[in-house]
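> Residue numbers (my numbering), protein chains in the order written: chain B, 1 to 131; chain D, 1 to 131; chain R, 1 to 131; chain G, 1 to 131; chain C, 1 to 131; chain P, 1 to 131.
For the record, the hints were derived by calculation from the structure and aren't laboratory data. Quantities reported herein were computed from a predicted structural model and do not represent experimental measurements. A hint or two may mislead.
[Said to hold, decoys possible] Ranges of calculated distance between the beta carbons of each label pair, as one might list FRET restraints:
| hint | chain 1 | residue 1 | chain 2 | residue 2 | range |
| --- | --- | --- | --- | --- | --- |
| 1 | C | Ser8 | R | Asp30 | 30 to 38 Å |
| 2 | B | Ser97 | D | Glu22 | 45 to 53 Å |
| 3 | G | Ser13 | C | Val130 | 50 to 58 Å |
| 4 | P | Asp63 | D | Ala58 | 50 to 58 Å |
[Unchecked claim] Covered stretches of chain P (chain B as the covering partner; in silico rule of three or more C-beta atoms under 8 Å from a C-beta of chain B):
| hint | stretch |
| --- | --- |
| 5 | 1-10 |
| 6 | 107-119 |
Backbone N, C-alpha and C fix where the C-beta goes; we use that ideal spot for every residue, glycine too.
Number of protein chains: 6
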Amino acid sequence: MGTVPLLSDDDLSPEARAVFDEIRATRQTDYVNNFWRALAHDPALLRATWDRLKVVMAPGALDPLVKEMLYVAVSAANGCSYCVHSHTASARAKGMSDEMYGELLAVVGMAAQTNAVVTALQVEVDDAFVA
Amino acid sequence: MGTVPLLSDDDLSPEARAVFDEIRATRQTDYVNNFWRALAHDPALLRATWDRLKVVMAPGALDPLVKEMLYVAVSAANGCSYCVHSHTASARAKGMSDEMYGELLAVVGMAAQTNAVVTALQVEVDDAFVA
Amino acid sequence: MGTVPLLSDDDLSPEARAVFDEIRATRQTDYVNNFWRALAHDPALLRATWDRLKVVMAPGALDPLVKEMLYVAVSAANGCSYCVHSHTASARAKGMSDEMYGELLAVVGMAAQTNAVVTALQVEVDDAFVA
Amino acid sequence: MGTVPLLSDDDLSPEARAVFDEIRATRQTDYVNNFWRALAHDPALLRATWDRLKVVMAPGALDPLVKEMLYVAVSAANGCSYCVHSHTASARAKGMSDEMYGELLAVVGMAAQTNAVVTALQVEVDDAFVA
Amino acid sequence: MGTVPLLSDDDLSPEARAVFDEIRATRQTDYVNNFWRALAHDPALLRATWDRLKVVMAPGALDPLVKEMLYVAVSAANGCSYCVHSHTASARAKGMSDEMYGELLAVVGMAAQTNAVVTALQVEVDDAFVA
Amino acid sequence: MGTVPLLSDDDLSPEARAVFDEIRATRQTDYVNNFWRALAHDPALLRATWDRLKVVMAPGALDPLVKEMLYVAVSAANGCSYCVHSHTASARAKGMSDEMYGELLAVVGMAAQTNAVVTALQVEVDDAFVA
């Protein structure tokens, strides 16, 4: 289904292989998912994406589970099937319970609803909200 | 700038006034923001929106600050200026620090980036991600 | 605020002027709104857009008010402020009552909400829905 | 393909079963489509969604077929495959003819086109359009 | 998977057949892709779409390959799987190299990222950018 | 209008100042636009965004003007007013003529239109387009 074939480990350039090695070490699993196998056609893009993702999703002022749920929410709003699947799986692996998932869905739906109604009404921003 | 004028307290129908009373009581402030003043033209839609929002954003398995940040993330992805402003203000009021906000922006940007690249590549969903 | 200045009647090329004449005749008003004054920088694009819009929005199996409401709904979903304003005004001019507008907003909000939740859940299409 | 398995009738909680009973009674068919079978994992979200959908899509100032076509238009703009399929099927069941469908497609396409061009030009809203 | 069956050559109305003949002559291939076979249910929409596409995508101030890459970029941003596939194939047929494709993906991703962050920050447009 | 105040040169942290110095040197102008003044609240995000932008937009297999036009196209599709303004200005500074701009608008509009119609029709991807 993709616009490029997915690269197997045997097809990787040395630069792409180095990124795959880091992904495996960081995630402590041998499994490397299809996104990286598609990106591997362009080792520079693969490297830049992985390097940035690793920083952005690391523990910080927000914990990694919150970050994954934010990722799911944005991916749903942007209609990215692949990303919804992969980050929902990651969120579960990081501890998202069924109750948390249900509330995530409810917020995503509520936000989409009021976003649409506000945009249809073209409501003017309150002075109180502006920095 | 809106498609309807914003209603002042004096313009409200009794049904709309009752909702405004609840908003004020729940939020413990006299201030009612423009969204509700636009929605008040249709008291049934106002009532349904408020009743649902109150439930969805209440404390649960996710805490209210996480819910507000999810709301900001979806609103940014959907391009709703008003909602970005109002929910960013709410998130700050609920304790979002500058560090948390910076990380929220970084995740929103990262997700949008990979959403776009994955969609451009039409990467096939891994079997491992499907329920 | 635009990326091009709005052209006044005195600035129009003959090709653009001819389109403005048709807009005025069709709508039976001297007023030509900003969209056409921005498009007028490119008379070929202006002509193609007006010619197609006239056909698409004409009475047919759907009446013009339904078409305007569909236009508002799509414009809200796409986050186009200008289009929301202009087509909401057109819908009112064609007879959209406050009750109809309230129901339009409710459907737009409901659709946005379930769109987001379905996308987050990645629900598989029922065989019964496929042609 | 979903992020959750679809629940069969035997898997339902009593709260979810009650909603399914209402869906069957309202629609006068035994068939309950996949959306509800995915939502049924969270009976509260299922209940809130069904209760609201029933109100929003009921006959009112707009007839149910117009509402379904609005739903299709928003779902297409939001890129929700499932929703496009399910609401196109519903619109046909409520009487949408091939001619009406062709005109719906034409309006959706025209709106998307002008939305994109207006947004690219950042056309300023006419004073005449503001409430 | 579509909402309408794809029409084979034997199913075409005379008006649709005439458009197919033009597509084949213009593209110098017997192959007519699924988009046109779905649109063929509405010969007027088929005709209008083909006539406009032919003009828009013709060589001009921008060369056809640049136009195809713009089409891919917009289609990815709008989440249209079909369009991403068909226009990526067209761009390759018109000479898009692997290096060009990698850079296209990088720009699409970068733009999506900064679009999201700017929207989240609601940055005010610089006076210097306004026409 | 933003969610954060824009930082003047006097407000910058040393890390942010270093990025501003690079922006000025690279662009050969003293002017630093609002996007960077908003991002400067988070020097790490500012640094990461600038470093990546510089690489992505540099001359390569695609020339910088084509990259700017792709950026405009994606920004319009994503509804980012600020980005549309800033990258349209950049494209003009890099040589985009009125004719090129008109064709860019025409492609963006055409793509948005067919994206919407294809999504509404849920056309199945041709085998011929899949890698």
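> State for each hint whether it applies.
For each hint, the structure was consulted:
| no. | hint | result |
| --- | --- | --- |
| 1 | C/Ser8 x R/Asp30: 30 to 38 Å | violated (51 Å) |
| 2 | B/Ser97 x D/Glu22: 45 to 53 Å | violated (30 Å) |
| 3 | G/Ser13 x C/Val130: 50 to 58 Å | holds (57 Å) |
| 4 | P/Asp63 x D/Ala58: 50 to 58 Å | holds (54 Å) |
| 5 | 1-10 | holds (count 5) |
| 6 | 107-119 | violated (count 0) |
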